[in-house]
Amino acid sequence: MLLQIRRSLILCFIFIFLCGIAYPLIGTGIAQTFFHYQANGEITKNGSYLIGQNWTGPKWFQGRPESDNAMASGPSNLGSSSKQLKTSVQQSASKLKREGIQPTPDLVTTSGSGLDPDISPQDAYAQVNAVSKYNHLPIQTVLSLVKSEIQQPQLGFLGSQYINVLKLNTALYKLEQSKNR
Amino acid sequence: MQFTLTISTLCIILIFTWRFLGSYITAVYTNKINYLRAAERLIFKALNIDQFGEQSWQRYTLSLVVFSIVSIFITYALLRLQGGLFLNPQHLAGVTPALSFNTAVSFVTNTNWQNYAGETTMSYLSQMVSLSVQQFVSPAVGMCVAVVLIRGIARRESKTVGNFWVDLVRGVLYIFLPLAIVSGIIFVSQGAVQTLAGPILIKNSLTHFSQTIPRGPVAFMEAIKELGTNGGGFFNANGSHPFENPTGTTNLLSIVLMLSIPVALTYTFGKMVGNIKQGFILLLTMAILFAGCLGLALYGESHGSIAISSSHVSQTISGNMEGKEVRFGTSNSALYNIASTQTSTGSVNSANDSYTPLGTTALISGMMLGEVSPGGVGSGLYTILLFAIIAVFIAGLMVGRTPELLGKKIQAKEVKLAGLAILIMPITVLVFTGIAVAIHAGQSGAFNRGPQGFTEILYAYTSQANNNGSALAGLNGNTDFYNITGAIAMMLGRFAVILPTTALAGSLALKKTVPNSLGTFKTDNLLFGGLLTGTIVLVGGLTFFPALALGPIVQSLSHKVF
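Here the protein sequences line up with chains E and V, keeping their order.
Using my numbering, the first residue of the first sequence is number 1, and each one after it goes up by one.
Using my numbering, the first residue of the second sequence is number 1, and each one after it goes up by one.
Derived by calculation from the structure, the hints in this document are not laboratory data.
No experiment lies behind these values; they were computed from the predicted model shown.
Any given hint could turn out to be false.
[As the list claims (entries may be wrong)] For lysine to any residue, the following SDA-like pairs were computed, each having C-alpha atoms within a straight-line distance of at most 25 Å: (1) K97/E / T207/V; (2) K159/V / F290/V; (3) K97/E / K416/V; (4) K416/V / L538/V; (5) K147/E / Y173/E; (6) K45/V / Q4/E; (7) K203/V / T170/E; (8) K203/V / Q4/E; (9) K560/V / P121/E.
Isolated chain E (complex conformation) (with noise of 0.2 Å):
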């Protein structure tokens, strides 16, 4: 029994080492060595292409309705029966629509994540009036602009199509930028 706890003990300490110490930094030297971008999180001057932020509608394209508070991540945790998640769907529906935004499903619930950057090319159609109508920018210039942000599914098929919100309003800025000028 003595010579079981002793040898745990030293064992614990070897793996403490090879699996807790020696791993995550032989990780972290690659990571920053070969992905110095990707492995400090995508940061730019206006924030992560991969953490949502608010943008408030219609003068932006608005993301999902979450708060977005990234020492917060997590979802909502409400049942598909619940009536908190009605109320709330219905709170962010009306609104859209006194936006002049047709509710879609990603714009009235919350993700997974609280954080989620991205929205569906459908979400960016349901806007594309009323951000072209409240920025006074052509609805044919708009559209295409929101047709160039999508991404397509990695390999063609992993994952969904969507489009960064951070992406395609530094893209909608730029546009309004040029038509000032």
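Knowing the structure of chain E, use the given hints to seat chain V on it.
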């Protein structure tokens, strides 16, 4: 169409890992490969053990249990002390006693149930040294038990079943470390973060929106989290967090990693007992159960939720998107969470609590059937072998012959041990759920109203007793009641199953092999596959149907909001 391609790709990859990883694992546990001989020798020298000295099943089990208890103590101590230690850029305080106990047991038993939010509770040191280490070690311990049971079946009149220390060290060195490094690199290349720098404050100049973004050594923890069917993520949002699971590629990679070792072990089993067809029949049984649950979940999630449809938002195109990420959509979300609940992983890329009642039934069913489709690393294989013993016993009763499994006579002792090991889980789940719903400390944890509140509690104990770790996460589990009862459920689900299993292995190893005769009931054909599937479904169904009826079934029939 895209999803069909995803499923086909997954199947093709798994066929390869079944064949080649299966044969590699065989080589690891039969000492056929030795390219890390130098490192091994150093470790065995430090432990003062003879690499070729074998243990009896009693000594093997004692070593395993002592090692696990020591691991729980060390993990607990590190969590309690994190406030005063280094690699703590957010200056987080030590973790509370009840939560540290629950978390230590959770990671040592390969459960990875998490009653905390990682980004605001755990220092980088705790994530790396306390939690990630167990993500390597606990699946390696699971492998040991599976390998011991395989040896028990394969060996004849043998008093020994292998050496725990050798099996454990070789598992970590040859299987988990190399595969985790390779997959960690893929994770980070796709955008999973891997840095020791602390959180970063960003400010969007277009909107003046500002945000503090937590980071950390995530990508490489993600790799071992999935590969070891652990499931404990760095962030609270787990695999739905864009820093853990950024793209469609990492989503598929995660699913592949969760399934590859449990699937490959059926090949290893076949190879080691000298009947690969027998391994294939086990794999087929697993695949049938998996496909059934996946189909149910896809159907449920594509039809959307009542809360949304009754608000007059059409879900025809997207399905139930509450709690799901746009980059995955409903199908890839359901596939990930099914893979994670059918193995003992328990990581999520979408919120289980927001699944439809049918989806929830599919998620919980995989666990209620004993986590055998394909189950956790090691635990999946040894659990399905326990069911195989029950299945040959039932077959033996029907034809009136002493049952045999691969030439080993299955007698009263073996059937008792297998029965005991199988009944531990349902007893633990039902008793603890019963207590929790009867007292205030249990009831007050439920978050959703109506039948789903009950499902949250039932799910919690089902998950912990199966060492899965997924949750209907609305449940407030960070109370003394849930931390302590949960830890007990996890220990019972792990060690109270491992003890009879290794005893069974010891008893089988001692037996002679009976030669095949005309009257032998063959276990490597479709008939046995059907019998085994039936046994698993009947045992799980009969035990849990009444509980399910009170939860998701009544919820899906009621069409009401609560």
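| field | Contradicted hints - numbers only | value | 2, 3, 8 and 9
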